[in-house]
Amino acid sequence: SQTIHQWPATLVQPVGSPLSLECTVEGTSNPNLYWYRQAAGRGLQLLFYSIGIDQISSEVPQNLSASRPQDRQFILSSKKLLLSDSGFYLCAWSATGLNRQPQHFGDGTRLSIL
Amino acid sequence: GENVEQHPSTLSVQEGDSAVIKCTYSDSASNYFPWYKQELGKRPQLIIDIRSNVGEKKDQRIAVTLNKTAKHFSLHITETQPEDSAVYFCAASRNEKLTFGTGTRLTIIP
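These protein sequences, in sequence, are chains E and W.
Using my numbering, the final residue of the first sequence is 114, and nothing's skipped along the way.
Using my numbering, the final residue of the second sequence is 110, and nothing's skipped along the way.
FYI, nobody ran anything at the bench for these hints, they're computed from the structure.
You may find that some hints are simply not true.
DSBU-like mimics (lysine-lysine), calculated; alpha carbons at most 35 Å apart, straight line [unchecked claim]: (1) Lys42/W / Lys79/E; (2) Lys97/W / Lys58/W; (3) Lys22/W / Lys57/W; (4) Lys58/W / Lys68/W; (5) Lys58/W / Lys22/W; (6) Lys58/W / Lys71/W; (7) Lys42/W / Lys68/W; (8) Lys42/W / Lys80/E; (9) Lys57/W / Lys42/W; (10) Lys80/E / Lys97/W; (11) Lys79/E / Lys97/W; (12) Lys22/W / Lys97/W.
Quick partial rundown of chain W residues pointing at chain E, CB under 10 Å, derived from the structure [what the hints assert, rightly or not]: (13) Leu11; (14) Asn95; (15) Glu96.
None of the values given here were measured: they were computed from a predicted structure.
Here a beta-carbon is modelled for each residue, glycine too, at the ideal position from N, C-alpha and C.
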């Protein structure tokens, strides 16, 4: 069966520091991969999605970037964090195919910027 | 792009009663509509989904209905239980991306 791993679970970082969040999927190949951010008590904001290696789309202009160094690995990065980057970051994957497939979420990273 | 509106934002029901959450979407080409349940501090989990070639789908106490003409879909939970308390999100999709509603906080009153 497919599993998605996301780490770290929690992270406290000072303003201006760099960020690297990692997500890996097991048990499937060529998945679609997604990064979302969820502010406290709010909905899900899509940040990036990728339908393949070197195919990454950005949804919201910001100081974050995403990379997909391997088929089942998705990384969210920042060179200098802002206070507004605090939130709950969720990675998700879906299977590719003609029919739309559900997205399955990782356990998330709770990021606090001080 | 797609726009999904979800109502109500909060909903309280007595244990054993039914709960209904409604969503509307704007893109007539959307063809996939999942519902997610998110407990406090946890990840969203898929509870049911429906495709545009189907008008209704049921899974035990949970059902989803879709009206393509009116571009709205609804989640129905019957015989609610305390463990149904959570935030529920609807979503719509026509491609690889999902557009989510803003969520409904459902509270089941014992």
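Cross-check of the supplied hints:
Distance hint between Lys42/W and Lys79/E is fulfilled; the C-alpha atoms sit about 27 Å from each other, no more than 35 Å. About 24 Å separates the Cα atoms of Lys97/W and Lys58/W, which keeps this hinted pair within 35 Å; it holds. Restraint check for Lys22/W and Lys57/W: the C-alpha separation of about 15 Å stays at or below 35 Å, so the hint holds. With a C-alpha separation of about 18 Å, the suggested pair Lys58/W and Lys68/W falls inside the 35 Å cut-off, and the hint holds.
A hinted pair counts as satisfied when its Cα atoms are at most 35 Å apart, and Lys58/W with Lys22/W qualifies at roughly 16 Å. For the hint linking Lys58/W to Lys71/W, the alpha-carbon distance of about 19 Å falls within 35 Å, and the restraint holds. Note on Lys42/W and Lys68/W: the hinted pairing holds, with a Cα-Cα distance of about 32 Å set against a maximum of 35 Å. Between Lys42/W and Lys80/E, the direct Cα distance comes to roughly 27 Å. Compliance with the 35 Å bound is thereby established for this hinted pair.
Annotation: proposed proximity of Lys57/W to Lys42/W holds, straight-line Cα distance about 26 Å (limit 35 Å). The straight-line distance between the Cα atoms of Lys80/E and Lys97/W is roughly 28 Å, inside the 35 Å bound, and the hint therefore holds. A distance of roughly 26 Å separates the Cα atoms of Lys79/E and Lys97/W; the hinted pair therefore holds under the 35 Å criterion. Restraint check for Lys22/W and Lys97/W: satisfied, since their Cα atoms lie roughly 21 Å apart, inside the 35 Å limit.
Taken as an interface hint, Leu11/W does not check out: its beta carbon lies about 15 Å from the nearest beta carbon of chain E, beyond 10 Å. At its closest, the beta carbon of Asn95/W sits 8 Å from a beta carbon of chain E; the interface hint therefore holds under the 10 Å criterion. With its C-beta approaching chain E no nearer than about 5 Å, Glu96/W sits inside the 10 Å limit, and its interface hint holds.
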